[in-house]
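Chains as they are written, first to last, in our numbering: chain L, 54 to 180; chain F, 54 to 180; chain E, 54 to 180; chain P, 54 to 180.
Keep in mind the hints are simulated off the structure, nothing from the lab.
Don't take every hint at face value.
Pairs involving identical chains hold if they fit within one copy or between any two copies, as the list cannot separate such chains.
Said to hold, decoys possible - Simulated crosslink set (SDA-like; lysine to any residue; CA at most 25 angstroms straight-line): (1) K139 x G58; (2) K139 x A156; (3) K139 x P77; (4) K139 x D129; (5) K139 x A72; (6) K136 x P77; (7) K136 x A78; (8) K139 x A78.
Values in this document were obtained by computation on a predicted structure and should not be read as measured data.
Number of protein chains: 4
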Amino acid sequence: MGTLGATLCAVAPGLVEIALRPGPAISQQHGFVHAGAVSAIADSAAGYAALSLMSANRGVLTAEFKINLLAPAQGDLIIARGKVIKTGRTLTLAQAEVFSQIAGQERLIAFLTATLMAIEGREGVSD
Amino acid sequence: MGTLGATLCAVAPGLVEIALRPGPAISQQHGFVHAGAVSAIADSAAGYAALSLMSANRGVLTAEFKINLLAPAQGDLIIARGKVIKTGRTLTLAQAEVFSQIAGQERLIAFLTATLMAIEGREGVSD
Amino acid sequence: MGTLGATLCAVAPGLVEIALRPGPAISQQHGFVHAGAVSAIADSAAGYAALSLMSANRGVLTAEFKINLLAPAQGDLIIARGKVIKTGRTLTLAQAEVFSQIAGQERLIAFLTATLMAIEGREGVSD
Amino acid sequence: MGTLGATLCAVAPGLVEIALRPGPAISQQHGFVHAGAVSAIADSAAGYAALSLMSANRGVLTAEFKINLLAPAQGDLIIARGKVIKTGRTLTLAQAEVFSQIAGQERLIAFLTATLMAIEGREGVSD
């Protein structure tokens, strides 16, 4: 997240927001934010939302995610909002909506769902 | 790709390889390469594989991708191999396998499928 | 839908509901409704939601869907609620939530996102 | 599977084939096999491929699958070939390719990846 220049704001239990300010380092050849950076903040927002509902000794790993890219990522700010859809004993499903903010207006640019696996006491893989 | 330190090697029509050398800027807190960086090179490998089969005046956009993360991304090199599964008039399906290379041994660490949309003459969104 | 015994209720533009009454023909070996039947009504709910926002001469095709299966499908009724997330010129993204209803209580059992492609004048593939 | 009229052929450890003969009960309004039936045999082929590599006291549950639908499902026979991509302690990733067979010629019509969860001793949810 530091390499991308993203900032994390926990909003509430099960809800997390991550914001990213567009710039040259994370842009592709047309000046839009690269899909990889959009995916990274969306996956992180979903993962932290899941983590925010777990007991302190547990971590989460992303087992899989799907992201639909709906519009080019551009504007003053890119904001990913993660939310837990369903918690389970082993697997949690979370989503993230990504918005671009231009002159105060938000527009949905991507939608992600992710399966997170709860991890306990597995050295090196907890998050 | 430059920010991540990735290098692109076209292998053959419909086949593309992207390699990434792990380092602090793209790692998460346990020293593994961040899932966002793994996704970025996998998505790019699939996208360039699709692009390699198109006529010169066309571009591609990723409409969606799903990635399954199978093992932590660590080692000397992370390699994404993109391959076209099926070309269509509007949509192309491509896959990417991501391997970690440790002491010359490769291990599958992620698997992606992506839907790429062919773009012609849409200013600013072609790739 | 007839083979499965499902019924379709359009709720509003962009919103569709499909209900399915569990029975032996669509159950697997433990008496739950088969994942294939759950997927079928979820995909249909998302597709009809997309179709409900299109002009009369257009059809939709499912290009892809992902479904997360969250709990066994059992109960008095299985209900899929489809909703459009974003419409586009060529591609529309829709979601469907599937609930099981037991003694009047609903519980989320599956979550689907689908990419629908708008089709115009392609003989045989419009829906 | 019986309702769909599908037949299962185990091919080898980690490889499973399911075949389906098109007919009115599983067709949509244009005479093609319904996407729900295609998904059902693809998911089953992937799931049985995973199951074929497990010890006898374990079952599998599909946690999620994504399917890309590449061409209409028609012809003399619809064949799903499931294959394990990677086995893990808790989660297994499998794929299925679905082909239509017309006059002896096969054509790829769908591609699925599925996450299967191994289950042991959970009454009612093992498969």
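Hints versus structure:
no.	hint	result
1	K139 x G58	neither (30 angstroms within a copy, 28 angstroms between copies)
2	K139 x A156	between (34 angstroms within a copy, 21 angstroms between copies)
3	K139 x P77	neither (37 angstroms within a copy, 28 angstroms between copies)
4	K139 x D129	between (32 angstroms within a copy, 22 angstroms between copies)
5	K139 x A72	both (24 angstroms within a copy, 22 angstroms between copies)
6	K136 x P77	neither (29 angstroms within a copy, 29 angstroms between copies)
7	K136 x A78	neither (28 angstroms within a copy, 27 angstroms between copies)
8	K139 x A78	neither (35 angstroms within a copy, 29 angstroms between copies)
The earlier numbered hints that this structure contradicts are 1, 3, 6, 7 and 8.
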